[in-house]
Amino acid sequence: MPFDQLLQYALSGLSTGAIYALIGIGFSIIYNSTGIINFAQGEFVMLGGMLTLFYINLLKLPLWAAIPASVLTATAAGLLFERLAIRPLRKPTPINMVIITIGGSIFIRGLSMLLWGKDTHSLPPFSGEEPIAIAGATILPQHLWILGITLVIIAANKYFFYHTISGIAMRACSYNGRAAGLVGIDVRRMVLFSFMISSAMGAMAGIIVAPLTMTSYDVGVMLGLKGFCAAIIGGMSSGAATVVGGLVLGILESLGAGLISSGYKDAISFIILLLILFIRPQGLFGKAESERV
Amino acid sequence: MKKISAVFIVVCLGLMFASVSFAAGTIKIGALFAVTGPASFLGEPEKKTLEMLIKEANDKGGINGMKLEAVIYDTTGDATKAVQLATKLIKDDKVSVIIGPSTTGESMAVIPVAEKEKIPLISCAAGIKITDPVKHWVFKTPANDHVAAEKILNYMTKQKQKTIALLTVTDGFGSSGREQIKVLARQKGFSVVADEVYGPKDTDMTAQLTKIRGIKPDAIICWGTNPGPAVITKNVKQLGIKIPLYMSHGVASKKYIELAGADAAEGVMLPAGKLAVYDALPKSDPQAKLLKDYDQAYKKTFGVEASTFGGYAYDAFLLVTGAIKKAGTSPEQIRTGIEQSHKLVSVSGLFTMSPKDHNGLDLSAFEMVKIVKGDWSILK
Numbered sequence: 012m013p014f015d016q017l018l019q020y021a022l023s024g025l026s027t028g029a030i031y032a033l034i035g036i037g038f039s040i041i042y043n044s045t046g047i048i049n050f051a052q053g054e055f056v057m058l059g060g061m062l063t064l065f066y067i068n069l070l071k072l073p074l075w076a077a078i079p080a081s082v083l084t085a086t087a088a089g090l091l092f093e094r095l096a097i098r099p100l101r102k103p104t105p106i107n108m109v110i111i112t113i114g115g116s117i118f119i120r121g122l123s124m125l126l127w128g129k130d131t132h133s134l135p136p137f138s139g140e141e142p143i144a145i146a147g148a149t150i151l152p153q154h155l156w157i158l159g160i161t162l163v164i165i166a167a168n169k170y171f172f173y174h175t176i177s178g179i180a181m182r183a184c185s186y187n188g189r190a191a192g193l194v195g196i197d198v199r200r201m202v203l204f205s206f207m208i209s210s211a212m213g214a215m216a217g218i219i220v221a222p223l224t225m226t227s228y229d230v231g232v233m234l235g236l237k238g239f240c241a242a243i244i245g246g247m248s249s250g251a252a253t254v255v256g257g258l259v260l261g262i263l264e265s266l267g268a269g270l271i272s273s274g275y276k277d278a279i280s281f282i283i284l285l286l287i288l289f290i291r292p293q294g295l296f297g298k299a300e301s302e303r304v
Numbered sequence: 004m005k006k007i008s009a010v011f012i013v014v015c016l017g018l019m020f021a022s023v024s025f026a027a028g029t030i031k032i033g034a035l036f037a038v039t040g041p042a043s044f045l046g047e048p049e050k051k052t053l054e055m056l057i058k059e060a061n062d063k064g065g066i067n068g069m070k071l072e073a074v075i076y077d078t079t080g081d082a083t084k085a086v087q088l089a090t091k092l093i094k095d096d097k098v099s100v101i102i103g104p105s106t107t108g109e110s111m112a113v114i115p116v117a118e119k120e121k122i123p124l125i126s127c128a129a130g131i132k133i134t135d136p137v138k139h140w141v142f143k144t145p146a147n148d149h150v151a152a153e154k155i156l157n158y159m160t161k162q163k164q165k166t167i168a169l170l171t172v173t174d175g176f177g178s179s180g181r182e183q184i185k186v187l188a189r190q191k192g193f194s195v196v197a198d199e200v201y202g203p204k205d206t207d208m209t210a211q212l213t214k215i216r217g218i219k220p221d222a223i224i225c226w227g228t229n230p231g232p233a234v235i236t237k238n239v240k241q242l243g244i245k246i247p248l249y250m251s252h253g254v255a256s257k258k259y260i261e262l263a264g265a266d267a268a269e270g271v272m273l274p275a276g277k278l279a280v281y282d283a284l285p286k287s288d289p290q291a292k293l294l295k296d297y298d299q300a301y302k303k304t305f306g307v308e309a310s311t312f313g314g315y316a317y318d319a320f321l322l323v324t325g326a327i328k329k330a331g332t333s334p335e336q337i338r339t340g341i342e343q344s345h346k347l348v349s350v351s352g353l354f355t356m357s358p359k360d361h362n363g364l365d366l367s368a369f370e371m372v373k374i375v376k377g378d379w380s381i382l383k
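As given, the protein sequences belong to chains X and D, one line each in that order.
According to our numbering, the stretch in the first sequence is residues 12 to 304, in order.
According to our numbering, the stretch in the second sequence is residues 4 to 383, in order.
What the hints contain is simulated information worked out from the structure, not anything from laboratory work.
List of simulated lysine-lysine pairs, DSBU-like, C-alpha gap at most 35 Å: (1) D:91 - X:129; (2) X:129 - D:376; (3) X:129 - D:31.
Just the calculated beta-carbon pair ranges, DEER-fashion: (4) D:300 - X:166: 54 to 62 Å; (5) D:360 - X:290: 55 to 63 Å; (6) D:266 - X:271: 28 to 36 Å.
Predicted model, so just to flag it, every value in this text is computed and none were measured.
Beta carbons: idealized from backbone N, C-alpha and C, even for Gly.
Work the whole structure out from these sequences, hints included.
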């Protein structure tokens, strides 16, 4: 196996993996503050791409203005989603909430289909399309954007959760919501924050990948599922473990497609998911934890 | 009692109107299209095309002085629903001929109904199983996939390309194309040196392409519908692969060039239905005028470009009206008329049906085109 081929597999894997990681962190932020898996996460990824397109095509905004506008709109959508679908729930058992998020995802997808049609669209790349050669392998400038923005978001995330009062309060809710409430933290508000943060992150992920992968009303399903795998591998942590989970997933997929068979590409990621769930349900890096009561 | 008499009157009125319309000479054409649901990209343009054509024909005074009436039902792409609606068309609406369904699965399910009730069915789905083996009452308008594949391989023979890398999507379209290319390649003396696949929603195919680059085939054939082929085209550019890239007829629309970007799509070759490239056709081409008229009328009525898929309904409409003009209006006469179609100029090609061939299209249904500066240019 020539070195440049291996390097290409690794680079391709890293860039897809970074996307999975970004979506995966969105999953784990909500999981940590509410204990539910938000299956509508993939739809916010879709919203990011589609909204950017909408702002560029219909409102004629330049790309640099369309991006923050669509992140803001998606965040507002996340806020509405929490307010209208999650909060009114009388008995918020995890299974009810999970089913509601699935319903929400179908609703958002359907609405986008009606609004923007079923076509696939492409976004312009942020800076040029000339491939960059690295020792015989090539990547696009957009890949650098993806890696860079992922790093920035993860760093900002880390800072927020460990060094700001809101972030620390949100972590407190995830450890023990009732106790957090007793010391004066508005738990419901923290849940709202977590939905807003993760929908903003999902939208950002959707925007930076759209120039490469294109976007349509139904891209959220598969991306959401892969992001979910990344979060599971990372043990639902909202930090480095999920990032590593995403990168591992991306690289294994690309090596699997290159070295074994492309027919098994998706099978590989789901086999990993199942293995993790069977053998290390706490994630690849997590310590086994006793049941929180 | 009142209720019953009211019902009676309504029924009588209904019968009166029914007989009135028969007296004026109306031909009922049934249609089953997947107007909504996952296959709506097929059904929607088919429905619009048929409605447009029927209106046009009636405005011109109908066919042989008789008005046409379309009864169009939405199958939502569901085979069970398609069968129920087909029965409804035959038993309740008493149509003389059925156009559709849009997908191969639905068509296969409806075929037994049409055969049993002896109503001609003109499917708008591409699956080869629909007319192979030939069924007495069943026709189809889209060309078989293997015709497109053969077109590519014939062109490759001319270019003296011998080894093929396949990259196909793992859905029905891709796997049927993959099988047929492999069979044809064996017959024509090509060797398939790589056989890679990708999922319909995959977003990065550099891994498969890197592997193919290592094998160094003479050509890559990719078989899929958007957006996969557009991603592949971008990936090929990114990896700097210089191997000739062939696509299937599934991406023969401007949308593909737009998605992949004119820069990355430069030099990609594919067999295209003539509708996609009509303005590049020579004036002498028998289809040129019809295609231009269709596209312009469609644009005027619906504001969007006509698609190959709507063309399938166009073909079916011409086959039916051609048969009515020639043979008559009963289901049996329509069937015989369709079977006798000879060099009927339509959107998908020139139809020449026979008792042995209920598709009637040959290699001339496609043109090999190359993408040059974001537009089609016909390859000789």
